[in-house]
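Asks: Chains as they are written, first to last, in our numbering: chain A, 1 to 125; chain B, 1 to 125.
Keep in mind the hints are simulated off the structure, nothing from the lab.
All values derive from a computational prediction rather than experimental measurement.
You may find that some hints are simply not true.
Unchecked claim - With a straight-line Cα cutoff of 30 Å, these simulated DSSO-like cross-link-like pairs (lysine-lysine) come out:
(1) Lys76/B with Lys109/B
(2) Lys48/B with Lys48/A
(3) Lys47/A with Lys47/B
2 protein chains.
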Amino acid sequence: MTSPSATQDSYPYQHEPIWSRSEKAIARQAFDAALGQELHEVIQEAKKMASQIQQSSELWDLEHYLTQRRKEIDRKYDFRGSRLTDVLGRLLYENRLGEEDLRGLPEEKMKSIRSFAQFLRHSAA
Amino acid sequence: MTSPSATQDSYPYQHEPIWSRSEKAIARQAFDAALGQELHEVIQEAKKMASQIQQSSELWDLEHYLTQRRKEIDRKYDFRGSRLTDVLGRLLYENRLGEEDLRGLPEEKMKSIRSFAQFLRHSAA
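The shape of chain A in the complex, shown without the other chains:
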């Protein structure tokens, strides 16, 4: 698909919805809150793990935990428009945000977000 033919009412890349500035602002707020909460949880867990360290193997367990969580969070919190529907759907599935946090998004986007959350629910079952 090197030269996609764009038409007036369809975006050249399928599955890549356009996010308006105001929609992005709504998404950004929910996204940042979920990320902040997740980082807070990692901080609390790291403090707990560190406080319980008695031998060096537990020290490297802490390092491993931090590396894994950093990579996972980097992968998960991707704000690019092309990924945003799935990212918000995953956060919804993980209960890191609720539908009320996305109030103001058009129903069409909410549908896609809910649909991805539902897909993850089924995959996990």
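Dock chain B against the given chain A, drawing on the hints supplied.
Replies: Structure of chain B alone, referenced to chain A:
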């Protein structure tokens, strides 16, 4: 030097002294004590860093610190006979062990160990 010619009283590889079983036992005790002390220090520092974390950047600072220290310790504590003189010399230079911890090693080995510590002292000056 693919086919070194060993003679009765010289080891085929220069700079690779032979460590007898009893010398290795002395070295091992000093080595393990220094390693244990260094790991203890890293554990204390990690606990302190973790207890002071307030934001996520400090969380990844802790991860980075642990990764660096692990790699450094892995490199430094190498018990192979071919490396042991330099390893003990470095620990002597860093005051992680004293000459008294190596009591029982032959003077010839002590000389090499002291000499490497001295070399590091000069390099750092």
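Asks: For a C-alpha distance cap of 30 Å, please report whether Lys48/B and Lys48/A respect it.
Replies: holds (12 Å)
Asks: Holds or violated: Lys47/A with Lys47/B, Cα cutoff 30 Å?
Replies: Roughly 8 Å between the alpha carbons, so the hint for Lys47/A and Lys47/B holds.
Asks: For the pair supplied as a hint, Lys76/B and Lys109/B, is the alpha-carbon distance within the 30 Å limit?
Replies: holds (19 Å)
In terms of the numbered hints stated before, the structure departs from none.
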